[in-house]
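Engineer: As they're listed, the protein sequences go chains A and B. Under the numbering used here, the first residue of the first sequence is numbered 7, with each subsequent residue one higher. Under the numbering used here, the first residue of the second sequence is numbered 1328, with each subsequent residue one higher.
It is worth saying that the hints were derived from the structure and are not from the lab. Quick caveat, the model's predicted, so the values are computed rather than measured. Don't take each hint at face value.
[What the hints assert, rightly or not] Okay, derived cross-link-like pairs now, DMTMM-like style, lysine to aspartate or glutamate, Cα gap no bigger than 20 Å in a straight line:
no., chain 1, residue 1, chain 2, residue 2
1, B, 1708, B, 1484
2, B, 1474, A, 70
3, A, 134, A, 209
4, A, 194, B, 1399
5, A, 134, A, 45
6, A, 194, B, 1362
7, A, 194, B, 1410
8, A, 213, B, 1427
9, B, 1708, B, 1489
10, B, 1474, B, 1399
[What the hints assert, rightly or not] For the chain B half of the interface with chain A, some residues (derived, Cβ under 10 Å), not all of them:
no., residue
11, 1334
12, 1417
13, 1634
14, 1638
Think of the CB as a built atom: it goes at the ideal place given N, C-alpha and C, for glycine as much as any other residue.
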Amino acid sequence: MTTVVVVGATSGIGEAIGRELASAGFDLVLAGRERTRLEASARDLETRFGIRAGVQTFEALEFDAHDTWTEKCARIAGVPIDGMVLCYGVMEEESVAAADGRIARSMIDVNFSSAVCLLDRMADDLKKRGAGFLCAVTSVAGDRGRASNAHYAATKAGLSAYLSGLRGQLAPVGVSVIDVRPGTIDTKLTYGRPSLFLISTPERVAKDTLRGIRRNRAVVYTPGFWRIIMFLIRHLPDFLFRRLGV
Amino acid sequence: MTETTSQRFVRRPLSGWGGTPIEECDVYRPETVAEFRALVAHAPQATLTPRGCGRSYGDAALNGTGAVMLSERLNRMVSFDAETGVLRCDAAVTLSNIIEHFLPIGFFFPVTPGTKNISVGGAIAADVHGKNHNSSGSMSACVRGFKLLTGRDEILDCSRVDHPEAFWATVGGMGLTGVILEAELQLRSVESAFVQAENERFANLDQLLERMEDRDAEFEYSVAWVDSLARGASLGRSVLTRANHASPSALSGRLREQPFPDRQHRQHRRHRRRRRRRRLRVPFYLPNATLNPVSIKVLNALFYALHPASTWIAGCDEFFYTLDAIEDWNRAYGRQGVLQYQCVIPEAEARAGLIALLETFASSGLGSFLTVLKSLGGASKGLLSFPMPGKTLALDVPNSGPEVRELFRRLDEIVLQHGGRTYLAKDACMSRETFERMYPRLDEFREAKAILDPASRFASSLSDRLGLTGSSS
């Protein structure tokens, strides 16, 4: 049995990833902020799929607690943890983040700093065991900062850069690192907002994530066509990119 | 910031499964029970309509003057007892979810409507019935209880014992008494995931009705397809399909050893790279005229010719949910949509009523391909529930123009004459006067609604049209 921790399990994407992993027979520890919602999700997965699902609360910004946190998860599961999927994050409006340093900093801390620190601790555990995987949901936004999302894009770009480096460190010991980059996804975050285009579902992200984990892909774009779009966007000359006005 | 300002809505055109009428609605998608409560208490729109999978045909889950609340995010299962078959789950869990997870361990849904893509909440609100209504009753028979968020911002635990008046008003109450949040259901155990079915063909209505009486007790499931365009001596020519759950001993070799599908995750491991099964779908709206009286006549004749007497073994999915195999099949009717007419005629009047209905329909110059006739057993105690002992006839008519509504009005008169009623979950046309004559327990329903929802917070285009809510009520 493989046991996986899903951090941010009550987010739209986290919930879908939990279902996908459970349907593939993984045991889970669901982590997030609200215990009651986590427990409801855990019961759901146990009822549907007959797997074991534990619950552990998590506060991204309580950095001191990170040190012992992975241990707690292992205790909840009753077995060592084999992998972690990290799918929490916040998205503040660009104007709001730009106007208020505290909001900008808290977004950076949640999306980037806390993720890095938590993955470091999990990496320690997995290194000792010489197996397992670390997977984090970043965003296609991180591939190139746009005028309308500079701060958010930067947090995701930073995380992607870290994952790429971490992959180099952990590959020799047999731990894989997967960077999942979704496009615009229909979740609570985006519902009712004027949509850009090409909205996809959390279920699709979850399927692609599981496949990425199984096939040990370095970077997973989901849906896959984003790989081509982002390739083009990354290689667009700056004077053209600016004119797109996005 | 209050709870509501954080809940955004999308204004978009919405319709029922029939694709007509289409209304611009404000659509919310609450994520939690708390968000549902906040909407009921504070949403700026005057009235609210809960909506599950949107599989009712007409305007039951539309609200052009208020707002629609999608229940889809309330989709968790709470518990399942494999000893007793009792399942607790959120309202937006679908029949399809339930079958997917519990058929592999020997449990099946006791009620089998024509599609499994319906939510538990919607099924309760419409008190749906299936091909086994005769033996198993309607949805309410397998509902042990539910949590109801009322218009008074309270959550009631309703069952036959606790708040029975709320229970029987909500069962079949079309979402007008509140939001069903969670339900406790009694699943049934089956010996295999297969049914043993047989077809018989009849040249006219009398032969069919006689046969439906005869040996009816031997079969759990029974449904007849009727050629709606046959007239004169062959009025009501039909194909009767009856079935029982197959015992493993009736299955052949490999299936006998493994009479249930695998639970999903085991399958995954065995066939990691298993090809995804492509589902059929109607990729776009076909031209409006695709299904016209002439093409329907040809299809009907073909259907009849291709279904001689036979017996066969079929998977539950294939047998009960034939149309689910084709995604978005309603698009075959074009953008004009399809209007469904389903009525029930009490047993004593059934023959005369059916003859009058079929004759009126066949001479109308309109066509219906999916014409279905079933027996209904005992009436449900739901105040607005549809079933009563008798025969039910359902017609799918392409919405080709005002003549369809005119025809339905004439059919309504026939149904009234014979003491029957039409089904609210399918209806998009009925008048308030007709409705009031068809549903004798309407006053009791109004009383119950006044108590559960004194400010008339819950309404829909259907309830406004039928005078259940709105200024005229």
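Engineer: Each hint: holds or not?
Structural biologist: Cross-check of the supplied hints:
no., hint, verdict
1, B:1708 with B:1484, "holds, 18 Å"
2, B:1474 with A:70, "violated, 41 Å"
3, A:134 with A:209, "violated, 33 Å"
4, A:194 with B:1399, "holds, 12 Å"
5, A:134 with A:45, "violated, 30 Å"
6, A:194 with B:1362, "holds, 12 Å"
7, A:194 with B:1410, "violated, 37 Å"
8, A:213 with B:1427, "holds, 18 Å"
9, B:1708 with B:1489, "holds, 15 Å"
10, B:1474 with B:1399, "holds, 16 Å"
11, 1334, "holds, 8 Å"
12, 1417, "holds, 8 Å"
13, 1634, "violated, 37 Å"
14, 1638, "violated, 35 Å"
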